[in-house]
Structures are given as C-alpha cells and as structure tokens.
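S.K.: Fit chain B to the supplied structure of chain A, relying on the hints for placement.
Number of protein chains: 2
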Amino acid sequence: MQGDGIQPTFVLVRPQMGENIGAAARAMWNFGLDRMRIVAPRDGWPNPKAGAMASGAGRLLDEAQLFDSVAEAVGDCAFVFATTARARGLTKPVVSPERAMQMAARKCAAGEPVAVLFGPERAGLENAEIARANAIVSVPVNPGFASLNLAQCVLLTAYEWRRQGGEITHETVEMAGADWARAIEIEKLAAHYEERLEAAGFFFPADKAESMKVNLRNLWSRMALTRADVRMLHGILRQMVRRNERGG
Amino acid sequence: MQGDGIQPTFVLVRPQMGENIGAAARAMWNFGLDRMRIVAPRDGWPNPKAGAMASGAGRLLDEAQLFDSVAEAVGDCAFVFATTARARGLTKPVVSPERAMQMAARKCAAGEPVAVLFGPERAGLENAEIARANAIVSVPVNPGFASLNLAQCVLLTAYEWRRQGGEITHETVEMAGADWARAIEIEKLAAHYEERLEAAGFFFPADKAESMKVNLRNLWSRMALTRADVRMLHGILRQMVRRNERGG
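From first to last, the protein sequence lines are chains A and B. The opening position of the first sequence corresponds to residue 5 in this note's numbering, with each subsequent residue numbered one higher. The opening position of the second sequence corresponds to residue 5 in this note's numbering, with each subsequent residue numbered one higher.
Quick caveat, the hints were computed from the structure, so don't treat them as lab data. Treat the hints with care, as some may be off.
A pair counts as met if it fits within one copy or between any two copies, since identical chains are not told apart.
Said to hold, decoys possible - List of simulated lysine-lysine pairs, DSS-like, C-alpha gap at most 30 Å:
{"#": "1", "residue 1": "Lys217", "residue 2": "Lys192"}
{"#": "2", "residue 1": "Lys96", "residue 2": "Lys192"}
{"#": "3", "residue 1": "Lys96", "residue 2": "Lys111"}
{"#": "4", "residue 1": "Lys212", "residue 2": "Lys111"}
{"#": "5", "residue 1": "Lys212", "residue 2": "Lys192"}
{"#": "6", "residue 1": "Lys212", "residue 2": "Lys53"}
{"#": "7", "residue 1": "Lys96", "residue 2": "Lys217"}
{"#": "8", "residue 1": "Lys217", "residue 2": "Lys53"}
{"#": "9", "residue 1": "Lys192", "residue 2": "Lys53"}
{"#": "10", "residue 1": "Lys212", "residue 2": "Lys96"}
{"#": "11", "residue 1": "Lys53", "residue 2": "Lys96"}
{"#": "12", "residue 1": "Lys53", "residue 2": "Lys111"}
The following block holds chain A by itself, in its conformation from the complex (with noise of 0.2 Å):
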C-alpha cells in the first residue's frame, strides 16, 4: 500500500535513538503514512539502528529528507504543529490531536502542506522551533503522569490521521461476510423448538405458557443467528430428543 499522496509531513527534531527513529517510522506506516523529514539527527544518518528497527517500514527512513533546521525542513509548508507536553510560555494555540488532524485534513485536502514537529526523545522542543509552529498538538494525559515517548506520540498522531480520514468507517463494523438466516429460518428453528418444549411439557403452568413462549420467540430473534447457527441449532434439539442412556 502506497501512502496517500495528500497527507502531513512528520518531522523528527533532533531524534537521539536510531531504534526511535526506526520506531517512529513504523508507527507511521501502520497507519498509511510515509512522509518522514528529520532535523539534525544526533547520531547522523542513515542510521543503522533506525533500519534495523523500522523493518518493514524500512522504505520511510530511505526516503526520509535530512535537513539541518526545522526552518529548512518546513520551508515550504502552509500550516506546522508542533507536539508538546508543556506550553512553556508561548502564547500559541495549543489542540488536540484529533482537532490537529481535523485542521491537518482540511488543509492537505485544499493543497496547503502541513507539517507535524516531534522533539528529541528527552528535552522535547526548544522554544526557538515551537515559535516556528503555527499551533501546538498537545496529547490529553494524565497531568499526574505524563509519560509518551517519541513513537507513541507519533502513533497517535498517525491514528488520530487515519481515523478521521474518511476511508476507516467508525462505524460498527457488522460481522462482514457471515451468511445470516432468514426471517423463514428463524420461525422454522423457533416453531421447532417450541413443538418440541411444549410435548416435553415445559411451558407450565398453562397461564404462564403464552409468555413464555413469546419470550423464547423473541430471544430467536434478538440473536444475530448465521445459518450455520440455525444449523446448529437445530441439531442440539434434534440430539437432545433423542433418548439417550448415558445419563441424560
């Protein structure tokens, strides 16, 4: 699966672990995102220990740009966020991810590149970079608890991307493919087992014997039952009718 082509660049500010880097690069692809630029990474580049790491996402850190500043690396972007835990004084909008992605869809659908900052996995950001950021993503943690690493804000950020794109229904997704039974097989398995529970005498007492038998019928069709169920179903009573010597 190719990325698509309208979608946020990720940036790595200064990265110090070639295997975060490489961690970074997978969480991306796991959710269809591919354009990785890296500022000054500490260890240089290529890395060895990022391709190690990236693995299958290997192909993100090969076509991963270098540049030495963030301003050089967002130069030809409309819109930066920056992600941050902490505000540090700077009067900038500070969102979440889902709004940032919202904002982020919106732009690259209008032709506006937009670029997200990740900072180094210790200091994070420097002010100097976060003044260059449009407004600043901020991950809703735990204030007591505040522990994301560089891979995990990207992931969320990558899901954040994917979620709202439009493609992925959040919607329930129905059990796909399953063969469901028809109203008439339904009504055949309930008329089966009622015939059978009324000859073994189990809607008792007579005045309590139609309720239960509209409970029963209403319980058949409050399953989602497929065909094999009904199939199924049909053969326990079948089995259970049968007299059987061995302790039933």
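M.R.: Then chain B, alone, in the frame of chain A:
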C-alpha cells in the same frame, strides 16, 4: 490522580515479556486508567522487569489481579471486548477502538462492567478466548503493515477512552434497563450445554469436536443475554434432558 471509579478493566492475557507488561501499565496510566488484570503471565508474577519498566505506573502492577483463565478474569463483567487483528473465522461483531470505547462509556455509566482483552505478544488471543468476548476491537491499521505491539494497542484503546471522556453519544439505543447476564453466568450456561451435549454424543466426529465446541461457545457470547434468558435456556435444556414419554 486516582483513576476514575467507572472505567473498563484491561486484561492482559498470557503476556510474555515483563517489559511489555510494564509498558502496558504506563500506556494505561498515561490516560488515567488503572484497572489491570493479568491472566497466566508466562514468567509468573510479580515480575521485576515489569515493575522496572512501569516505574511511575507501578501501582497498577501492585494492584493488578491475577487469574488462571480468561473466563475467570471476566466473570464479573457484563461486556467483553477482545482486541485482535485477525477475525480467524469466528462470527463476532468487529468495532473500531473509537466505537468500542463509546460503547464502554455507556455501559460503564450504566453499571455494566466492561473488560478489554489484549493477547500475548506473538500469537495473539486464541479462538477459545475470543469466543468468550462479545465483540472484537480491531485497530484500523494499514493492511500491508500491521505491526502494533501490546503496549501500543493498550495505548490507543486507553487514548480513545480518554478522548471521548465518558460522554454518551446518541448511537445505537441499547436495550435500556435490561438486566444483562455477567460473563460467569454465560460461562455456566455454556458449560451446562456442553456437558449435556457431550453426553448425548453431539460433538461428532472426534476431529471436529473441538471446533464445534468453540463455535457453540462463541455463539453464547455473541447473544446479548439477560439473566432471564439464561434462566430460560437452562430450563430448556433441563426439560429436554428429562426423559419424556410423550413422543419427544
């Protein structure tokens, strides 16, 4: 920050590496979730590597409840989600993490305990475990590169729980007011049927017996059974088992 009283319980099923258990705890606590259960961890419990990795989220591990099986771990729950990438031939509703956590929010608020199962790192959940869930949660990942690890699955699910803040949406109107059976009650019903059907020779031929049992078990958890339904289904079976002379 203490976790909310009303939240889903995350169940790690047969987790392998201690570091991953610790990472899962961190992922949960990032979003204020602190109810963890662990089923048959490969390396026993407690696990110092889990503790070391969890670090500031260590309380989750200290308070985690240990179980020998999935059935026991979810006994008190009214609704169980199973996270898995592959449906593996079981007929089961599949929802996104977003939809799952919408449903979870509504159920938790209504006093119906919810559990989310996460399988072992390599193989994922077994069919017999998925069969005990009411729905599958599938993260909408790139089909050509689906490589989320345990902590990342936990992270995305926890993130979705927090993002939707427990607000109740106006989606599917659940059958309000119903007294839903708990998983332990479904387990007993399933065991009752399996026992009687086994004795009646229903699971035949021998090489198909196991898959027939898993299919039937899967059906029970696919139905939305109230406690009244469970009583009725027990009653049906008892009635059928009784020898009846009237041409049963």
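S.K.: For every hint, state whether the structure bears it out.
M.R.: Hints, verified against the model:
1. Lys217 x Lys192: Classified as both: same-chain Cα gap 14 Å, cross-chain 24 Å, threshold 30 Å.
2. Lys96 x Lys192: both (20 Å within a copy, 24 Å between copies)
3. Lys96 x Lys111: within (19 Å within a copy, 38 Å between copies)
4. Lys212 x Lys111: The answer is neither: 37 Å in one copy and 32 Å across copies each exceed 30 Å.
5. Lys212 x Lys192: Both, since 23 Å and 26 Å are each at most 30 Å.
6. Lys212 x Lys53: Classified as neither; 41 Å inside a copy, 48 Å across copies.
7. Lys96 x Lys217: For Lys96 and Lys217, the Cα distance is within 30 Å both inside one copy (16 Å) and across copies (27 Å).
8. Lys217 x Lys53: This pair counts as neither: shortest intra-copy Cα distance 38 Å, inter-copy 47 Å.
9. Lys192 x Lys53: neither (37 Å within a copy, 51 Å between copies)
10. Lys212 x Lys96: Classified as within: same-chain Cα gap 20 Å, cross-chain 34 Å, threshold 30 Å.
11. Lys53 x Lys96: This pair counts as neither: shortest intra-copy Cα distance 35 Å, inter-copy 40 Å.
12. Lys53 x Lys111: neither (34 Å within a copy, 45 Å between copies)
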